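Modelling step: build the complete structure from the supplied sequences, incorporating the hints.
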Amino acid sequence: MKSGLKTGVRHKSLRRINESHTITFEGLPPVLATPFLVWLLEETAMELIQPFLEDEELTVGTSVEIEHQGAALIGDDVTFSATVVQIDGRDLLFRVDATLEGKTISKGLHRRKLVSRPKLLQKLTR
Numbered sequence: 001m002k003s004g005l006k007t008g009v010r011h012k013s014l015r016r017i018n019e020s021h022t023i024t025f026e027g028l029p030p031v032l033a034t035p036f037l038v039w040l041l042e043e044t045a046m047e048l049i050q051p052f053l054e055d056e057e058l059t060v061g062t063s064v065e066i067e068h069q070g071a072a073l074i075g076d077d078v079t080f081s082a083t084v085v086q087i088d089g090r091d092l093l094f095r096v097d098a099t100l101e102g103k104t105i106s107k108g109l110h111r112r113k114l115v116s117r118p119k120l121l122q123k124l125t126r
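Position 23, counted from 1, in the sequence shown is what UniProt numbering calls 23; the numbers after and before it change by one each time, with no gaps.
I should point out that these hints are in silico values taken from the structure, not numbers from a laboratory. All of these numbers come straight from a predicted model, not from anything done at the bench. Where a beta carbon is used, it is the ideal one built from N, C-alpha and C, also for glycine. Misleading hints may appear alongside valid ones.
Unchecked claim - Mimicking DSSO-like on lysine-lysine, the simulated pairs with C-alpha atoms at most 27 angstroms apart in a straight line are: (1) Lys2 - Lys123; (2) Lys12 - Lys123; (3) Lys2 - Lys113; (4) Lys12 - Lys103; (5) Lys119 - Lys107; (6) Lys107 - Lys12; (7) Lys12 - Lys113; (8) Lys123 - Lys113; (9) Lys107 - Lys6; (10) Lys119 - Lys2; (11) Lys6 - Lys119.
Claimed, not checked - Label-pair restraints from in silico Cβ distances: (12) Met1 - Lys123: 18 to 26 angstroms; (13) Glu65 - Lys12: 15 to 23 angstroms; (14) Pro29 - Ile87: 35 to 43 angstroms; (15) Glu65 - Gly4: 20 to 28 angstroms; (16) Asp77 - Lys119: 37 to 45 angstroms; (17) Gly89 - Pro35: 24 to 32 angstroms; (18) Pro51 - Leu14: 12 to 20 angstroms.
Written as structure tokens, this is what we have:
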């Protein structure tokens with residue numbers, strides 16, 4: 001990993017919610033679905049870490065613990081943020097949240113592990 005990553009480093013991304021972020025199920029309104037919320041939070045953490053990775057490195061998600069506290073409708077602009085709160089060797093812990101018009105709609109923790117891309121690809125070869 002390149003130098004410069006430390007606790008407190010933060011990244012934000014703004015995403016407009018669209019129909020592909022919803023799940024159609026009996027009676028459910030068209031709102032940001034939890035699986036897509038988790039993905040957008042993870043994606044924000046990956047965007048944060050990307051500039052610090054060497055060419056042969058990547059990170060993989062190892063855990064997500066969030067609260068989904070509010071709804072976002074199709075067309076809403078949601079701000080996602082990730083902040084590094086702990087670095088323990090190759091293990092990274094991020095505080096993540098999503099806000100809509102200044103109100104928190106999700107918050108929690110996300111862990112990622114720094115791995116070697118070639119080694120991971122070799123393990124995945126069957």
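Next on the checklist: So if I understand the rule, the pair passes when the alpha-carbon distance is 27 angstroms or less; does Lys2 with Lys113 pass?
Outcome noted: holds, 15 angstroms
Item to check | Whether the CB-CB distance between Glu65 and Lys12 falls inside 15 to 23 angstroms | outcome: holds, 20 angstroms
Item to check | Range hint compliance [Cβ, Pro51 to Leu14, 12 to 20 angstroms] | outcome: holds, 19 angstroms
Item to check | Proposed proximity, Lys113 with Lys12 (alpha carbon, max 27 angstroms) | outcome: holds, 20 angstroms
Next on the checklist: For Lys12 and Lys123, compute the direct alpha-carbon distance and say whether it is at most 27 angstroms.
Outcome noted: Violated: Lys12 and Lys123 sit about 33 angstroms apart, past 27 angstroms.
Checklist entry - Given the hint that Lys12 pairs with Lys103, does the C-alpha gap stay at or below 27 angstroms? => result Cα-Cα ~15 angstroms, so holds.
Item to check | Cβ distance range 18 to 26 angstroms for Met1 and Lys123, holds or violated | outcome: holds, 20 angstroms
Checklist entry - CA of Lys2 to CA of Lys123, is that 27 angstroms or under? => result holds, 24 angstroms
Checklist entry - Would you say the C-beta atoms of Pro29 and Ile87 sit inside 35 to 43 angstroms of each other? => result Hint holds: Cβ distance 40 angstroms, inside 35 to 43 angstroms.
Checklist entry - Is Lys107 close enough to Lys6, meaning Cα to Cα at most 27 angstroms? => result holds, 21 angstroms
Next on the checklist: Please verify whether Lys119 and Lys107 have alpha carbons no more than 27 angstroms apart.
Outcome noted: violated, 33 angstroms
Next on the checklist: Verify the CB-CB distance for Glu65 and Gly4 against the hinted window 20 to 28 angstroms.
Outcome noted: holds, 27 angstroms
When the structure is compared with the earlier hints, violations turn up for hints 2 and 5 and for no others.
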